[in-house]
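Visitor: My request is simple: use the sequences and hints to build the entire structure.
First to last, the protein sequences are chains Z and C. The numbering of the first sequence is our numbering, which starts it at 36 and goes up by one. The numbering of the second sequence is our numbering, which starts it at 36 and goes up by one.
Identical copies go unnamed one by one, so any copy, or any two together, can satisfy a pair.
Straight-line C-alpha distance at most 30 Å; calculated DSS-like pairs for lysine-lysine:
#, residue 1, residue 2
1, 224, 349
2, 214, 196
3, 214, 46
4, 349, 231
5, 231, 196
6, 224, 196
7, 231, 301
8, 231, 345
9, 99, 251
10, 345, 251
11, 260, 231
12, 259, 231
13, 135, 122
Simulated from the structure, these hints should not be mistaken for laboratory data.
2 protein chains.
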Amino acid sequence: MTLDNILEEIKNAENILILTHESPDGDAIGSSLAMNLALKQIGKNPDVIIRDFPRTFMFLPGSKDVKEEASKDNYDLIIALDCADLKRLVGKEYVEKTNKVINIDHHGSNVMYGDINFINPVAPACCEILVGMLEYFDISINIEIGTCILAGIITDTGGFKYSSVTAETFEFTAELLRKGVNVSDIYTKVLETRTKGNFELLRRSMDRLELLEDGKVAFTYITKKDEEEVNAEPGDHEGIVENGRSIEGVKVSIFIRQKDEENSYKVSMRSNGSVNVSDICYIFGGGGHPNAAGALVQGNVNEVKEKLLKEVRKVI
Amino acid sequence: MTLDNILEEIKNAENILILTHESPDGDAIGSSLAMNLALKQIGKNPDVIIRDFPRTFMFLPGSKDVKEEASKDNYDLIIALDCADLKRLVGKEYVEKTNKVINIDHHGSNVMYGDINFINPVAPACCEILVGMLEYFDISINIEIGTCILAGIITDTGGFKYSSVTAETFEFTAELLRKGVNVSDIYTKVLETRTKGNFELLRRSMDRLELLEDGKVAFTYITKKDEEEVNAEPGDHEGIVENGRSIEGVKVSIFIRQKDEENSYKVSMRSNGSVNVSDICYIFGGGGHPNAAGALVQGNVNEVKEKLLKEVRKVI
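Guide: In structure tokens:
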């Protein structure tokens, strides 16, 4: 069984490198930190590399252990978490130098780049995969590990909201609450505390939000200039695309954000149910989940908008 | 024990009138509909009066049974739910005509106006009180009753977010999910679907939002003219005050909404933790919970704002 193979590799390794995807969100960070604490608990020597760590998640146990670069030349094992593709793996330069890669993820689009791949596309979060995995490994989910895991689950379920949420999600949360974990505090820190930059970006994005195609599509954007003017930090654009999705009648919410290069926009799409936005983003070289996906598209605001709408119109 | 007394009164009654508070929210509606279905299950003949029923909650089982006026002249028993004060009870005119009133609520400010009062200020929602009560009465919480109860819990915990949420809340939700209740669907309908009117009011309120007192106070407002211009429906102002509370550093969020009378504003206040906004609203003749309260204050926007800020400044 894959879980036994993973456990064997972990047992045989001493120095383990934990990696996750670029633009890390709560599930990427939560699963990396939880794995880090779990490996320490069983006497291993792990390193975690995460770049552009959002301030929002600094409260998580073990976040101070995170590095931008590895501290060693060689590792016995790499564990990649919540990352569907090697291209998006931060620290992928260490993959060539390391014999074994374990790839643990919940993206259906995962390309199986590991020597061992443990992919559960039904899990609402990579962190939820870790719950069962750590239990199977007999590693106790203490308050610290539980806090990291819950942060990931809350992030990727939109606060217990998405249809991916399971009875196990709620049971696990009840258990953590009984152990003394302040669920409400984690929830608020992860999802409900807007930095001033985030608030200002949201305010601008709402001002510009257009309802198109008979109200079935919400579209808005943020430029580099906006981000500079409000002193935006990494992660300050979070929540903007979900805001569009929440409007009655909207089937697809599109939010585009200018990248460092003038004529390039990072696209985020969300759908309510029927439309598969992962398929649409795939056309532009991106991907994700059926209800939440992204891509990088060239052009100015209007060009990118028209390119996307052309594809969206075909499926709504 | 009070629960036994309540059960005895219900057993002795045939025609039962279910009432709740004005401007009904998900907990008021969810608990009323759940009680209605539960009483029918045990062969009683209940009526539910709710006025200004928001369209958001029309999906709840039994919502079509709701009346604006009672169908009978006399009832054997009134059950008032989620209502702290007779003044706010819609249908209070029937109280005088009825021998017994059972008052079931979770507001600490409840003034105990019932012949039997069952108040649990620690419960996150009136609906959560019903879970234990119906179990004690041996009334099965089927999918329909469970859906109504969950709608109330999701409303009053802000989607499992507030610190009032308990391990029991999560366990109950897990149980409903296992029974086949679509938790995500209820969540989305209750909290995540913004009517266009709600979106437009939110957009205006965000545009006007001011951060005062070194960013510790968020203030915004909506006028009658706004509501007319966006064709606002009952409930379309929901979420505006929470939006202000979510900004980093904000201790008190104030949202005021013009009433039908020109110079009168309905005040909603939310606090993050330490400040007791119920105490502040009490000064103006209102009340509520320590972290969520309301009042009615006379004046124009600036006058009301200054009256409130004067009191808020004393405690932040």
